[in-house]
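Each chain, written out:
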Amino acid sequence: MLCDGCKKNDATIHIQEIINGQKKTIHLCGECAARKSGDNPAMEIGGFNIAEMLYNLTEKLNIPGFQQALQQGGAAPAQEKALVCSGCGWTTEGLRNSGRLGCPECYNTFRDILEAALENMHRGKLHVGKKPGSDSSDESPRLMLELMNYQKELEELIQREEYEKAAKVRDTINELKKKIKK
Amino acid sequence: MAMDNKQKIDSLLKHKVSWLEDSGPDDDIAISSRIRLARNIKGTPFPIAASPEQLNNTRGAIQMAVEKSNCLGASALCFEMEKLSRWEKELLLERRLVSNEFIVRDGGAALIVKRNEAAGVMINEEDHIRMQALSPGFQLDEVWKNISKIDSLLEKHLPFAYDSKLGYLTSCPTNVGTGMRASVMLHLPGLVLSGQINAAIQGITKLGLAVRGIFGEGSDNQGNLFQVSNQSTLGESEPQIIERLGGVIKQLISHEKNARLTLIEKNQYFLLDHVGRAYGILRHAYVLSSEEALNSLSDIRIGVDMGMFSTVDLHTVNELFLTIHPAHLQKFAGKELSAEERDVFRASMVRDRLKNLKNT
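From first to last, the protein sequence lines are chains A and B. Note that our numbering numbers the first sequence so that position 60 is 60, with each residue one more than the last. Note that our numbering numbers the second sequence so that position 245 is 245, with each residue one more than the last.
Think of the hints as simulated: they come from the structure by calculation, not from any bench. The structure displayed is predicted, hence computed values, not measured ones. Among the hints, a few may not be true.
List of simulated lysine-lysine pairs, DSSO-like, C-alpha gap at most 27 Å [said to hold, decoys possible]:
| id | chain 1 | residue 1 | chain 2 | residue 2 |
| --- | --- | --- | --- | --- |
| 1 | B | 68 | A | 179 |
| 2 | A | 177 | B | 83 |
| 3 | B | 156 | A | 178 |
| 4 | A | 131 | B | 156 |
| 5 | A | 181 | B | 8 |
| 6 | A | 177 | B | 42 |
| 7 | A | 125 | B | 145 |
| 8 | A | 181 | B | 149 |
| 9 | A | 182 | B | 149 |
| 10 | B | 42 | A | 168 |
| 11 | B | 156 | A | 182 |
| 12 | B | 83 | A | 181 |
| 13 | B | 68 | A | 152 |
| 14 | A | 178 | B | 149 |
| 15 | A | 131 | B | 165 |
| 16 | B | 68 | A | 177 |
| 17 | B | 156 | A | 152 |
| 18 | B | 68 | A | 181 |
| 19 | A | 178 | B | 42 |
| 20 | A | 182 | B | 42 |
| 21 | B | 335 | B | 16 |
| 22 | A | 165 | B | 42 |
| 23 | B | 42 | A | 152 |
| 24 | A | 178 | B | 68 |
All chains should be modelled from the sequences, with the hints used to inform the complete structure.
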């Protein structure tokens with residue numbers, strides 16, 4: 001679904017308004033939602049607007065004091081404006097436009113941006129719910145992770161046209177699949 | 001013998017939808033309770049940042065894990081989205097097995113669903129895994145038990161992305177923590193007719209809960225149907241979230257009951273007229289849009305709920321709530337219909353259904 005605002009990006013925010021009993025739904029991309037909510041306070045969903053929140057917070061990256069704080073915190077000067085996730089290549093811009101993260105590692109990469117945003121979105125800062133079981137005797141998840149790593153390697157080898165190595169990795173993958181299915 | 005997609009869809013249609021079939025607690029007002037959990041696989045890009053190959057690899061791994069864990073039973077059905085037609089996807093959406101966002105995805109997306117449709121796993125929606133459980137009436141505790149069991153079975157085979165501080169890591173930071181969205185679908189014609197619904201929605205929103213239409217984000221509140229769900233997923237445990245949400249749902253149900261009683265006491269003819277007119281439309285219309293059908297069915301349902309209207313039973317109303325939607329309608333027509341043809345076919349199907357009731 002395209003954004004009703006710019007008609008260019010995909011709409012990721014859907015806002016319902018009821019005015020005098022008339023229902024209206026507006027579909028917006030993160031950027032337009034952030035822009036709109038500035039001039040129309042009614043355009044919030046459930047009390048907050050996630051793209052706006054991230055937008056406002058990432059704006060802080062441009063404030064000199066905030067940048068300094070980042071640099072003092074160990075961030076390289078080259079990253080002063082845009083952060084890039086080492087896990088998946090996701091950028092500050094990607095986060096700002098979509099309100100989404102690219103991979104689990106992004107939570108580390110964009111920690112500073114996220115911290116305050118998470119506080120506004122949720123009732124607490126720490127997870128207190130269900131945890132993955134500590135049944136370490138089960139080796140299945142480890143095998144699955146191994147499988148996916150080999151699959152990634154296989155793609156890279158094929159791209160580099162290293163077919164001999166690729167054939168070996170493919171055999172390993174098949175072995176692993178058999179083991180997992182057992 | 002492996003079934004093709006058409007056979008799989010037909011096999012879904014053969015069985016009644018479990019969340020509409022049995023009557024659940026408070027089912028005069030609460031239609032159904034649903035919980036979905038978002039999970040992702042460690043070290044793997046979320047669908048938004050993944051390549052087509054990565055999406056396929058993730059899907060393969062999750063399909064394997066679902067099968068091996070047997071978390072959805074041996075007779076579970078798997079639909080790979082790129083192999084489905086537009087209308088087959090719409091049909092899954094109308095049965096509330098997939099989300100709006102999911103059906104626009106193609107490569108790498110799949111749905112695996114329990115044969116009775118009470119639980120399912122969406123693969124590569126916004127997150128690698130979105131699993132849901134669905135039951136009739138208001139029974140979030142029961143639904144939580146069901147979905148948590150599926151989650152525990154799956155995690156024995158998949159390494160989920162989890163952080164000790166932030167909990168389950170999700171593509172959208174609004175889901176991080178429990179990854180849980182619990183919701184109850186409520187039928188609130190009393191609050192709508194008595195003009196209290198806007199105040200109720202504002203109140204719910206202030207409590208940090210969300211109100212959406214029948215098909216989730218972006219859908220309108222047709223048929224006086226409202227889904228109320230939690231927003232916050234971090235800082236509270238699943239049972240705490242369910243308790244907080246459940247408390248608000250209980251209040252809403254009691255407000256709705258009061259609104260209905262007040263209408264009967266003070267405005268009996270207005271209410272009877274409302275129900276009677278809706279029946280007139282459904283029984284005699286020759287052109288019926290899905291919105292008009294849904295709203296009229298909603299009006300009839302309040303009459304049925306309150307014992308004012310014995311011509312129609314709740315089961316028929318519930319069934320029609322599902323079958324008047326475009327994809328289901330075309331499935332019954334056995335062919336693709338234009339929007340105009342659908343409105344005519346819908347009217348005829350509803351007329352027949354209500355006529356037959358009268359004769360029995």
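Do the hints match the structure? See the list:
Proposed proximity of residue 68 of chain B and residue 179 of chain A is supported: the alpha carbons are some 12 Å apart, at most 27 Å. Among the hinted pairs, residue 177 of chain A with residue 83 of chain B is consistent with the structure: their alpha-carbon atoms are about 24 Å apart, no more than 27 Å. At roughly 17 Å between alpha-carbon atoms, residue 156 of chain B and residue 178 of chain A fall within 27 Å of each other, so this suggested pair holds. A hinted pair counts as satisfied when its Cα atoms are at most 27 Å apart, and residue 131 of chain A with residue 156 of chain B qualifies at roughly 12 Å.
Distance restraint check for residue 181 of chain A and residue 8 of chain B: the Cα-Cα separation of roughly 24 Å lies within the 27 Å cut-off, and the hinted pair is therefore satisfied. Simply put, residue 177 of chain A and residue 42 of chain B have alpha-carbon atoms about 18 Å apart, close enough for the 27 Å limit, and the pair holds. Restraint check for residue 125 of chain A and residue 145 of chain B: the C-alpha separation of about 25 Å stays at or below 27 Å, so the hint holds. Restraint check for residue 181 of chain A and residue 149 of chain B: satisfied, since their Cα atoms lie roughly 21 Å apart, inside the 27 Å limit.
A C-alpha spacing of about 22 Å is found between residue 182 of chain A and residue 149 of chain B, which places the hinted pair at or below 27 Å, so the restraint holds. Between residue 42 of chain B and residue 168 of chain A, the direct Cα distance comes to roughly 25 Å. Compliance with the 27 Å bound is thereby established for this hinted pair. At roughly 14 Å between alpha-carbon atoms, residue 156 of chain B and residue 182 of chain A fall within 27 Å of each other, so this suggested pair holds. For the proposed pair residue 83 of chain B and residue 181 of chain A, the alpha carbon gap of about 25 Å is at most 27 Å, so the pair holds.
Between residue 68 of chain B and residue 152 of chain A the alpha-carbon distance is near 22 Å, which keeps this suggested pair within the 27 Å criterion. Under the criterion of a C-alpha separation no larger than 27 Å, the hint pairing residue 178 of chain A with residue 149 of chain B is consistent with the structure, at around 26 Å. Among the hinted pairs, residue 131 of chain A with residue 165 of chain B is consistent with the structure: their alpha-carbon atoms are about 11 Å apart, no more than 27 Å. For the hint pairing residue 68 of chain B with residue 177 of chain A, the CA-to-CA distance comes to about 12 Å; that is within 27 Å, so the pair holds.
Restraint check: the Cα-Cα separation between residue 156 of chain B and residue 152 of chain A comes to about 22 Å, which is no more than 27 Å; the hinted pair holds. A threshold of 27 Å between alpha carbons decides the hint, and for residue 68 of chain B with residue 181 of chain A the separation of about 7 Å falls inside it, so the pair holds. Pair hint residue 178 of chain A plus residue 42 of chain B holds up; C-alpha atoms about 22 Å apart against a cutoff of 27 Å. Between residue 182 of chain A and residue 42 of chain B the CA atoms are separated by roughly 22 Å; this keeps the pair inside 27 Å, and the hint holds.
Of the pairs offered as hints, the one joining residue 335 of chain B and residue 16 of chain B holds, with about 22 Å between alpha carbons and a cut-off of 27 Å not exceeded. Taken as a hint, the residue 165 of chain A and residue 42 of chain B pair is honoured in the structure, with Cα atoms around 25 Å apart against an allowance of 27 Å. Taking the CA atoms of residue 42 of chain B and residue 152 of chain A, the gap is about 14 Å. The hint holds against a cut of 27 Å. With a CA separation close to 12 Å, the supplied pair residue 178 of chain A and residue 68 of chain B stays within the 27 Å bound.
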